[in-house]
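Peer 1: Here is how the chains run, residue by residue.
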Amino acid sequence: MTVNPDKPIKFSSLHRLQWEEAQQKYIILYPEGMVELNQSSAEILKLCDGSRNLAQIVSELELKFATSGLTNDISAFLEVALKNGWIQQN
Amino acid sequence: MAGSNKISNTPPRWLLAELTYACPLQCPYCANPVDYAKYQTELSTEDWKRVLTQARKMGAVQLGFSGGEPLTRKDLPELVKHARDLGYYSNLITSGYGLTEEKIIQLKEAGLDHIQVSIQASTQELNDHIAGTTSFQHKKEVAHLVKKHGYPMVLCVVIHRENIHQMAQILEMAEELGADYLELANTQYYGWAHANRDLLLPTKEQFEQAEQIAQAYKEKVAGKMKIYYVVPDFYEDRPKACMNGWGTTFLTIAPDGVALPCHSARELPGLDCPNIKDYSIEEIWNESKAFNLFRGLEWMKEPCRSCDEKEKDFGGCRCQAYLLTGDMYNADPVCSKSPDHAVIQQAIDSAAKNALAADEKPLIFRNSKNSRLLS
Ligand code: SF4
Ligand code: SF4
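First to last, the protein sequences are chains H and C.
Anchor point for the first sequence: position 33 equals 33 in the numbering used here, and the numbering is continuous, going up by one each time.
One rule links them: number in the numbering used here = place in the second sequence (from 1) + 1000.
Each hint should be verified, as a subset may be incorrect.
Below, simulated SDA-like cross-link-like pairs (lysine to any residue); rule was C-alpha separation at most 20 Å, straight line [claimed, not checked]:
1) C:Lys1218 <-> H:Lys25
2) H:Lys25 <-> C:Thr1249
3) C:Lys1226 <-> C:Glu1175
4) C:Lys1081 <-> H:Lys25
In case anyone wonders, no lab produced these hints; they're calculated from the structure.
So that you can see chain C by itself, here it is in the shape it has in the complex (with noise of 0.2 Å):
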């Protein structure tokens, strides 16, 4: 493979299995690539072990199951416990659709550590039209029974401009759900979300009164919830350090087989990513051109080059730079000091005229007939 490394790398920490890009959701801010559709093969079963296998050796230990919708695949209680076997914590990232308490309970006994279920809002109406599907109750009853098999129960709620206002209930919400962790992950613009930005970015003045209220919820809930709070960077003027660092932490494996150094790194041009099924997770990890192409700070252009940030930051989000400004070896816009910073205001602007416009503009669901015409 091309690129080789001698500089010894940090091995693998965190591996993200995507199981499979089915999912009965739509939601409009999905991460995944607009054009999944295209991609129908997905790994066998034994492709999966080995790669558990594989990247357990190698040090990985946390290991999140999603997709799409994980639930969807027939082999997951099997999965569950070889990862356990193996020694992975193992986290189920589920929109709930489709979880019985008998699968629960079949999963915990499999070695399951940990349910996350996504919940849209915090009344139906808004879950079920965000959601694309009718699924409000019943992820509420999931989230109960998760508690009651003795699950540590985080839930997720993904934060944009459709829901921002109901921060409050939300808080309220999870509170009353007996949740342990509340995610609060305002959304970030790849994927689905990017196509959907002008519909689903907040202002500045609807996402700082909603992080005041997060907040000072934080403290009144401390060592009861513990509230994670994912800021959406177009309103900071640095960038986030994408991934710690490209190819130290995160190991992500698409439905088909492809390796990632982040989930949205497919809609990179040229990574050529390579797939479990031509290579080890070793020669991957160290070897490909992929997961080198940005490790390290010697990739970096001007300003990112001579920054005395750059160890810090790593020059942000790689599908953000490649998104926003047309170059993926750029700084991330998001950078004050980028030249292309302007881009970040033309689409917080943007967004606000369409929220003004009398003829708001349709969200567009992710299926995979929208899927197929975005691609």
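So here's chain H without its partners, still in its complex pose (with noise of 0.2 Å):
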């Protein structure tokens, strides 16, 4: 399984993304459990909504934060997301 980067990625229907104000981070809720993010990941998760593929959501975030070479960076974080079942495509 690796992410196809012409389709677009969105949020895995199953989970739930989700800001938390006692930990003052995003978190991934799923069955019995849940995992924290850093910052730069709920970033780029908050872009998965099905309507971006690969290279949208890093031009998107590269014009966010006003830099450039994120692609390796945001496509690593989500081929592990992909496989931990927090993204879809279709």
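With the hints as a guide, bring the two chains together.
Peer 2: The following block contains the structure:
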């Protein structure tokens, strides 16, 4: 399983991404478990709404943080996310 | 309240709401206390809502509605809705008994996140025998409906000597039913399972064979079905890190409002577990004697006190220490460093002897009549 760069990426319908006030963090919730996210992971996942593919997510974040060269980091994280079932592609 | 603790505690993350001890099933390994029949009172809807609100405010986010059978509470949809409004991720832990398609839809609309259905075995005959109730076909239907309505579907099968030989078929059944998660929980010997241990504890060979089958299947279904495998600690030489550390993560509220650091802590003597009718969750979590008693490492006796692994397992399970050594401050006897470690082998031998005996004693099913007999 690898991320298809052409297809849009969507956050999994079997997981929930949520801001936690008490922890001041985004977390992913799923049956009997949760994962705390650091800020950059959360920023990436928030853009996985089924309307953007990999390149579009990268350019959006590079614009937002006024930087470049994020492709490798972002695609590495998305591979992990896919393996964990946090994101889906149709 | 006694035992006030000024060290900054981590807040509860998981709240287990045991809504009721009522259950139409009679599983002989039920984790409810054997004397549950004497706790008749149940919290009101308003009490539960207050508990949910207060625990959420402290930081709890995973919420389990369990029991007994939580579906026997008529206010379940209302509580689910309240939990959703507060931002909980809510799990319904059910036998599936009494769950209709209408109910599944109603709970989804109320905001329920997932349903865990327990199945007792891979065949109707054995399932219905262990559950003490005809329920196999209905459970399979429920599993389909849970999937159909877009919930992540978790199947839970408690493993013991009566069904461990079905491991391969259980795995196939779970895959066929389209489970997203399969929890294979080797029986933990508290509550009713402790009373039935001679009949439930598998041999080491049985356990190792079953584990091999499960691990191989894990690879086969990787990416499709996640398998959680809970090992039976009787065949380990270190105990499990019970509750991730006492009073660090888990909070259980029993049907009558008693707050417990772990769901079987009710069996421990002199714990004086506080009731949510008398105290707020914050007072209970931070200040009660029960939640502070085994917090941290200060309470330990030898060999744990000077052990370099104590931050890893916190001395193991307090309930197991109490049930098997008579002293809840002792090291969990599962640990090979425990001076009481021999009781584990004795339990294994006793179970093996019973399995071979011509007049194997009968299982004690979990019901009110047996509960009164045992208390
Ligand atoms: S383990 Fe069985 S008897 Fe106990 S509450 Fe669950 S379904 Fe009911
Ligand atoms: S002696 Fe106590 S702390 Fe050390 S490994 Fe055994 S149970 Fe854990």
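Peer 1: Now look at each hint and say whether the structure bears it out.
Peer 2: Hints versus structure:
{"no.": "1", "hint": "C:Lys1218 <-> H:Lys25", "result": "violated, 32 Å"}
{"no.": "2", "hint": "H:Lys25 <-> C:Thr1249", "result": "holds, 17 Å"}
{"no.": "3", "hint": "C:Lys1226 <-> C:Glu1175", "result": "holds, 10 Å"}
{"no.": "4", "hint": "C:Lys1081 <-> H:Lys25", "result": "violated, 24 Å"}
Checked against the numbered hints listed earlier, the structure breaks hints 1 and 4; every other hint is satisfied.
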